[in-house]
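Going down the list, the protein sequences come from chains F and Y. In terms of this note's numbering, the first sequence has 124 at position 124, counting the first letter as 1, and numbering is strictly consecutive. In terms of this note's numbering, the second sequence has 164 at position 164, counting the first letter as 1, and numbering is strictly consecutive.
Treat each hint with caution, since some may be false.
Computed, partial: chain Y to chain F, Cβ under 8 angstroms [said to hold, decoys possible]:
#1 T97
#2 Y100
#3 L103
#4 Y111
#5 Y116
#6 S119
Worth flagging that the hints you see were computed from the coordinates, not collected in a lab. Backbone N, C-alpha and C define an ideal beta-carbon position, used for all residues, glycine too.
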Amino acid sequence: MIFTIFKKELKDTLRDRRTLMMMLVIPVLIFPIIMNVFVSISASFQKEAATKKIKIGMVGEKNNFLFQELKAVPATVGPKEIIVYKDTVSMLADLKNDSIQLGTFVPADFNQYLDSMKPAPIVFYHNATDMGMQERAEVYMKIIEDKAKQARFKKLKIDEAKVQPIVTEYRNIASDKEMIGKLAGGMLPYIFIAFGFIGCMYPAIDLFTGEKERGTIETLLTTPVARWQILFGKMGVVVLSGLTAATAALFGLFMSIEVLDVVDNKEILEIIHSILSVKFILMLYSLLIPLTIFFAGVMIPIAVYAKSFKEAQSIITPLNIVMVLPAMVGFFPGIELNTVTACIPVVNIVLATKELIAGTLDFGLVALSFTVMLTLAIVAVIVSYKRFDKETNVVM
Amino acid sequence: MIEVTNLKKEFILSRQQQKELNTKEKTALAVDSISFRCEPGRVFSLLGPNGAGKTTTLRMLSTIFKPTSGSIKIAGIDAIAQPQEARKKIGFLTGSTGLYARLTPNELIQYFADLYGVSKSDLAERKERLYTLLDMHEFQNKRIGKLSTGMKQKVSICRTMIHDPEVVVFDEPTSGLDVITAENIITLIRDCKTQGKTVIFSSHIMSEVDLLCDDMAIIHKGKILFEGTMQDFRSNMQADNLTAEFIRIVHASQNA
Numbered sequence: 001m002i003f004t005i006f007k008k009e010l011k012d013t014l015r016d017r018r019t020l021m022m023m024l025v026i027p028v029l030i031f032p033i034i035m036n037v038f039v040s041i042s043a044s045f046q047k048e049a050a051t052k053k054i055k056i057g058m059v060g061e062k063n064n065f066l067f068q069e070l071k072a073v074p075a076t077v078g079p080k081e082i083i084v085y086k087d088t089v090s091m092l093a094d095l096k097n098d099s100i101q102l103g104t105f106v107p108a109d110f111n112q113y114l115d116s117m118k119p120a121p122i123v124f125y126h127n128a129t130d131m132g133m134q135e136r137a138e139v140y141m142k143i144i145e146d147k148a149k150q151a152r153f154k155k156l157k158i159d160e161a162k163v164q165p166i167v168t169e170y171r172n173i174a175s176d177k178e179m180i181g182k183l184a185g186g187m188l189p190y191i192f193i194a195f196g197f198i199g200c201m202y203p204a205i206d207l208f209t210g211e212k213e214r215g216t217i218e219t220l221l222t223t224p225v226a227r228w229q230i231l232f233g234k235m236g237v238v239v240l241s242g243l244t245a246a247t248a249a250l251f252g253l254f255m256s257i258e259v260l261d262v263v264d265n266k267e268i269l270e271i272i273h274s275i276l277s278v279k280f281i282l283m284l285y286s287l288l289i290p291l292t293i294f295f296a297g298v299m300i301p302i303a304v305y306a307k308s309f310k311e312a313q314s315i316i317t318p319l320n321i322v323m324v325l326p327a328m329v330g331f332f333p334g335i336e337l338n339t340v341t342a343c344i345p346v347v348n349i350v351l352a353t354k355e356l357i358a359g360t361l362d363f364g365l366v367a368l369s370f371t372v373m374l375t376l377a378i379v380a381v382i383v384s385y386k387r388f389d390k391e392t393n394v395v396m
Numbered sequence: 001m002i003e004v005t006n007l008k009k010e011f012i013l014s015r016q017q018q019k020e021l022n023t024k025e026k027t028a029l030a031v032d033s034i035s036f037r038c039e040p041g042r043v044f045s046l047l048g049p050n051g052a053g054k055t056t057t058l059r060m061l062s063t064i065f066k067p068t069s070g071s072i073k074i075a076g077i078d079a080i081a082q083p084q085e086a087r088k089k090i091g092f093l094t095g096s097t098g099l100y101a102r103l104t105p106n107e108l109i110q111y112f113a114d115l116y117g118v119s120k121s122d123l124a125e126r127k128e129r130l131y132t133l134l135d136m137h138e139f140q141n142k143r144i145g146k147l148s149t150g151m152k153q154k155v156s157i158c159r160t161m162i163h164d165p166e167v168v169v170f171d172e173p174t175s176g177l178d179v180i181t182a183e184n185i186i187t188l189i190r191d192c193k194t195q196g197k198t199v200i201f202s203s204h205i206m207s208e209v210d211l212l213c214d215d216m217a218i219i220h221k222g223k224i225l226f227e228g229t230m231q232d233f234r235s236n237m238q239a240d241n242l243t244a245e246f247i248r249i250v251h252a253s254q255n256a
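Just chain Y, same shape as in the assembly:
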């Protein structure tokens, strides 16, 4: 379960950033008092155009960023007061996730298992299950730097799931991947849902959201424009298709 209430994030702008953004404002509001709830066994999607505040929101959920105000509860744990406890419950994967190129998949998985405090027996069992599921046995001892993009993505998935997280956060997980490689991610999200995990993923592609999610929120300029089930979104649609409806909502907020 993820519970977000009045979450706000302001960044202090340096002089260089003020110059780049052509503004005299000393702060930039990336996320403006948003609230939503993600249920276990359901897939929640944060949909928005580039620069909407999706990544900032997900970085706050995964405790990389500290919110300016508001509250976040991850599996019942206050993520602001107890970030380390909350992190134990989270699996985090982004489309741009880098891996340590000089390590092998085995070494990398062992490292993250150690960081999450996974016991030896749990590690052996989970590693075997994930390696078989993702067909990773063949390249487990090759340096990651020498693996293909698809193989690297499998290692990333295995790394994300090795501590069996209750909550899984995906930040544009299929970005930059070909359809075959992206399929691994889609399968993973579906598996997480079947296992009763809470899944939140961000995307700017409506078709991907339609394919996977049960609940969704449309975010633009740090504000939530729509929050509800996918069913609600479809039934209240004013445009011809889902993508057009998404664009209509974003444009309507800009004109308001």
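The shape of chain F in the complex, shown without the other chains:
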């Protein structure tokens, strides 16, 4: 009987354009669209920042060391034009209205500092809202500083190696896979949670509140089928819709990587391929199924209680924020799966998935996360059953 109800509800759901849009079309398309737009915009910004000819304002003598050296910096580092100002007030005014992008004040005795082997002070002005300008100044200054340093070593007849007593090398022992897992791995469970929730939402409202609103539930309750069977049949479709939406979103993400080539780094691409193994996908789903059941179990009592589609939607939509917000934890580096975080619903799934991607999974903690989610899913199903069994909730 559960399967008969499941089959019918699935057919009914697949014929609902609104659910179909939320369950399949939007999740599949959203990532190719977002990633394509993001990659092309960021690439064009990067290109513009690197090739943009910037104007550097300077207050100081024309024959000073900095002016000469700045002029000599090759254009390949970034084209530039130097404009000399008489005072800092007019230079800063121009910097503010973006007539120039960098400003520098070179003291009149700048060359004397250098000649007397003292550190020569210099100030660079930049507008932090104009992205990348400080970095451009740092690149120019690194070249000039290195040149000045070499000149001093030569003048002092010092071997550079002798003034560098310690050479420190930092070696990263984390694999690239681990790095991706820990730093970017939060995105995957976030996608699953966000789309899993949205995917559950419309079928839950349609199959419970909608049936009440359309007056079909009364007839269904007069058939020789137990209420728990009706609930399970409908709940199965809600859970499947959530999982389908999440899978569709992942498929969209996969298509963005494979077809639209948004990841052009071959090494990263290879790591992504190695992450997406059958074992990984099976483990991911084993964590996500209880989560989706939990989502369905939270939504169904609301959908059963609500008298109209609008009422159900107005309660469930804010719930989306409450449920999906903990998933953001996955984006914070440093928060890891431990006995405490494994007991926090949603957060545990996000962190466990991150560990799964990084390949640093502690099976004990995953089992704890799974048990917590399974327990909550069972509680949610019991609450749903209690609500659905309450006659005044089901019949208007």
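Keeping the supplied structure of chain F fixed, place chain Y upon it in accordance with the hints.
Frame of chain F, contents of chain Y only:
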């Protein structure tokens, strides 16, 4: 056969409902210890004004609501102890029955036949008979959402009768229907009677009751004010016509 003894239904009122009904009572008594009996091959009518308790009674008979106390027997089955067994014997139709708009009549009938456990051969035979009787062949594969009210009503009738129920419960079946569409329901009730089925229907229209029923009960504020045959009702009438007599009985109970 339907046997109802001392049937009572109390609803617990939420704070919101208490506010809406302007009462401090924590419960509302919808049906107050009613008893009646509906015989096979006869049509029983539950007549009463709006809010009398007709729908609550019929919902208890069809096991949608659990009674607070009392007993219900449907074709000899205790409907409170064995609701699923009792439901197998019942066909339920209301005037406000909705249908799954995204399914076709064929899909809907198949679905309900599956829920009632109707065998393939029985389904084929009954479907053919009902489709012919109700002239449904033409629109059997169209989405229900695209059908006219009359066509939808035919689908509802077919859905109600597909498991060949012994007892048929109609809750204000003609409410909101035009006379032509309502005629399908009237024909169905007469057919059920001819086939020896037990029929109970609720209505607030005396003329409809007069047209169809053999036995009747007048219900008001959850209590039965009259129970007997239509013949008894006519012969003991104190007012000029049936509608006036119905109004007189209701008013007399209010003044008592």
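Hint by hint, here is what the structure shows:
no.: 1; hint: T97; verdict: holds (6 angstroms)
no.: 2; hint: Y100; verdict: holds (6 angstroms)
no.: 3; hint: L103; verdict: holds (7 angstroms)
no.: 4; hint: Y111; verdict: holds (5 angstroms)
no.: 5; hint: Y116; verdict: holds (6 angstroms)
no.: 6; hint: S119; verdict: violated (15 angstroms)
Hint compliance for this structure: hint 6 alone is broken.
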